[in-house]
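A.B. asks: Below are the chains, spelled out letter by letter.
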Amino acid sequence: MKKILSYSWLAVVALFMYIPVLILAFYSFTDSTTIGAVRGFSLHNYVTLFTTEELRNMIVGTVLLAVGAAVISSVLGTAGAVGAFYSRTLTRRMVETANQIPVVNADVVTAFSICILLIVVLGIEKNTFIPLVIGHVVLCTPFVYLAVMPKLKQMDNGLYEAALDLGATPFQALYKIVIPQIIPGIISGFMLSVTLSLDDYFISTYTKPATFDTISTYVVNATRGAQTEIKTALWALSTVIFAVVILAVVIMNVVSAKTEKKQEVGTYDGRE
Amino acid sequence: MKRFRFSRKQLCIPYALFLVCFVILPLAVIVYYAFTDGSGRFTLANFLSFFTNGNTIGTLCYSAVIAVAVTAVCLLIAYPAAYVLARSGLKRGPVLLMLFILPMWINFTLRITALKEILTVIEGNLSLHPFLNTVIGMTYDYLPFMILPLYTTLLQLDQNLLEAARDLGAGPASVFSRVTLPLSMPGIVSGITMTFLPAMTNYVILDMMYNSTYIMGSLIGSYFNIYDWNNGSMISLILFAVICIVSIVTGGGDQEDAKNRGAVL
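For the record, the sequence lines run as chains A and B. Under this note's numbering, the first sequence has 29 at position 29, and the numbering climbs by one with no breaks. The number in this note's numbering is simply the position in the second sequence, starting from 1, with 1000 added.
Result set (PhoX-like, lysine-lysine): computed pairs, CA atoms no more than 20 Å apart in a straight line:
#	chain 1	residue 1	chain 2	residue 2
1	A	Lys153	B	Lys1009
2	B	Lys1091	A	Lys261
3	A	Lys258	B	Lys1091
4	B	Lys1091	A	Lys3
5	A	Lys153	A	Lys176
6	A	Lys176	B	Lys1009
7	A	Lys126	A	Lys208
The hints are simulated quantities; they were obtained by calculation from the structure and are not laboratory data. Predicted, not measured: the structure shown is a model, and the values here were computed from it.
The shape of chain B in the complex, shown without the other chains (with noise of 0.2 Å):
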């Protein structure tokens, strides 16, 4: 009788059943909820009142445009701050980068509720803003996201091109918009895919910010206060679509933007 021999392949089985229960078998389970009604019978029921129900057509777009002013802002700030910090040697420029990253290790619900307290102190009454206090609140819980895969590409950036650029008599305004920001265009995109999603789903910030009006992820919470299972999956499954759908556009990336959210350690 052969006897059983441990091979370092086996080592995988755990891993790859246990991705199989819990990352696969939820997603497939998400799909029948979404496509059958209460008693199990299948229904497009569900697909069907996500597009002509006002409410939900209505909270799409309003995530949409405050993940599209999110990610602007916070593009607008980390671009010259990642910048800076690329340019500032290879001594300061990770301690500098270090002072960035550490506040992400408080959990963020602490860190808004600090921001909260201060916006109270400026504007008295939050709910008079709530789309700029939103988006106030999640640019500062996203920035570091946007500086960090910036700041990795700009390090890479090959100075040898910029000074041919400059020999070659480009201005600094167009060694920047032709030879900077093209090559820069890695980092753009990582940072652009890990604020997007998250602004368009993270609707804790938005309800401690004191916004009564919903965003995509926000729609499931209130489906799972009801125990709409039904309705609650066909959000989820509709928003990992849109989520797929982006990381493969943005292609490839997402290996990166995993390193990226990794990559201070």
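Bound-form chain A, shown alone (with noise of 0.2 Å):
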């Protein structure tokens, strides 16, 4: 009795997390502009979608430039933790607190903060995409450090200096010991890179050209205006959206259950 009581209550909460999602799924197929008034089956939303350049401009625009973003950051934050963990404790400290502060401070602040200084300081023109690609690193490369770092306390360091003996160039040794030692951070680094630059609403409205949008400051706008055919399609492009997340989180639910089964080592309980 009690357990059912228990497990109702997460129903009760899913339910208030997928109902809207679901419900939107759903009229996304069919004609209906609002909702409640259920008319024929239809992909017109879909095709729309897929064949407005505007919208498709505006998608693709945000998945290059999240995947670009997280590139760089990967890069960046990847070299910055690798460098700071062999650095002085000093070094180390001022790193750490410097990457600390993007990640507690309101997106707002940082967006307004980097719009100042790229924009209004140093003049440099948004149609560039200089301040947008530049404010979307300083989003996420934080959070890159943040996967790296674990990664290399637990790492074998005798490894390194036994390449060094045998003959490795330091950038070798970095190259073929440390980076296969770090890689499952960096790649949950870039992929959180990825998920936080999509989901970004703030650094992009602040530095993003005036003619380019992203998902979220498109969606924004777009409840704004009162134009039906495009809400509708938002309705399909967030089930599409829903769709890709469900078959992300399966293959990578797959991959890691493959993974773990062939090296019973080194397994990731998410907070160490």
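Make one complex out of these two single chains by using the hints.
C.D. replies: As structure tokens, then:
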């Protein structure tokens, strides 16, 4: 009885979180323009989503920005973490503190400060995409750093020394010994960067060129407008993203289950 | 001549420079703008106007009330949920947890759009209950951030302690209030920081839920829109100070928070 009660609470919370998205998914396959009035089945919204140039550009732009920012962040953050790990404690403390600022700071404040420096003070044109990319890299890199650091701490330090003794250059040793050991951290940092960038609204709003939109800025603008065609196409977009996320989660679980079976070492419990 | 030798420490240089240029420097610029006027002269006017302007003070109070309400509602919903999740075994727990994390990966503006459509059907006109709708919207958005840290702390809970308490004659209620609850404090604190601060500043949700009343974050937005960098900087600075104080008070939790934001990966 107690068990039923507690699991039904979980069910209620899950329903709260999923019902809006699921209802929207249902209506995205109909030709109705408001929730509640069911008419016929239709793929109209999906056709609009993938054929309207404005929408396509916005989606492609968002994804490119996310991947680009994540690549830069991964390289910068990994190098930073490796460098800081081997530096003096004082240097590491300083980097760690500065790294923590964007993590705890409100996104609005981060975005506003970057906008003031790059656009108002330095006068960099928004159209160059430089402020936008820098802004997203500021948002993502600290999380790469934080994802890589624990892996460095777990690493076997003797291997690097051994590689040097056996004649590897420091660069070779780094590339062949250190990187392979911290790669799980780099990958999770990369994935996290992609999701942070995709979900960002504030940095984009304050630094993007006027003609460019990410999904977030586009959706916010669309909710102010009254274009039903666009509105219902966004239902389709939400459904597509939902499907992609579910697919990604399933694939990730299958892959991690397989690798866990293969090598029972280095299990990551998500928190060390 | 000694050749330049590559050392591992040097890998830190690009990132250190990056942090100085794009994290420290922007904050320094904000400090400068906050304490100068349009022509670059030093002034305390922006600072004083924050505290004397009824609008900004009202906004501060309103956003604090919203943030408290959102955090409290999230905590009340998330705690029992996280408790059940943590108790549901090592096999089932992570899978169930994934169910609650997954929505986080859908763009939040799209999720809020979905919620808004549903609420419009239920309530009719959303602007009739602006406060309620803001709280619902933010709760909907931040719930995973509350569940996650609570789950990780409750999972670590030493079952032996609970058993010992029971053996020593504590009833279920006092086991909870005297053992479970105190031991889950770190998770509660971390969950609170992760929902309270965003709830004070994320004005997009508010904006999308048809609320005309501003919260702290939207003040920055409104100054940004009228190119008032000085007052905008002052608000940013004050917000940043509040955030620093909160993270220092909750102490050391930040590293954990960051991990929680990314623990799912």
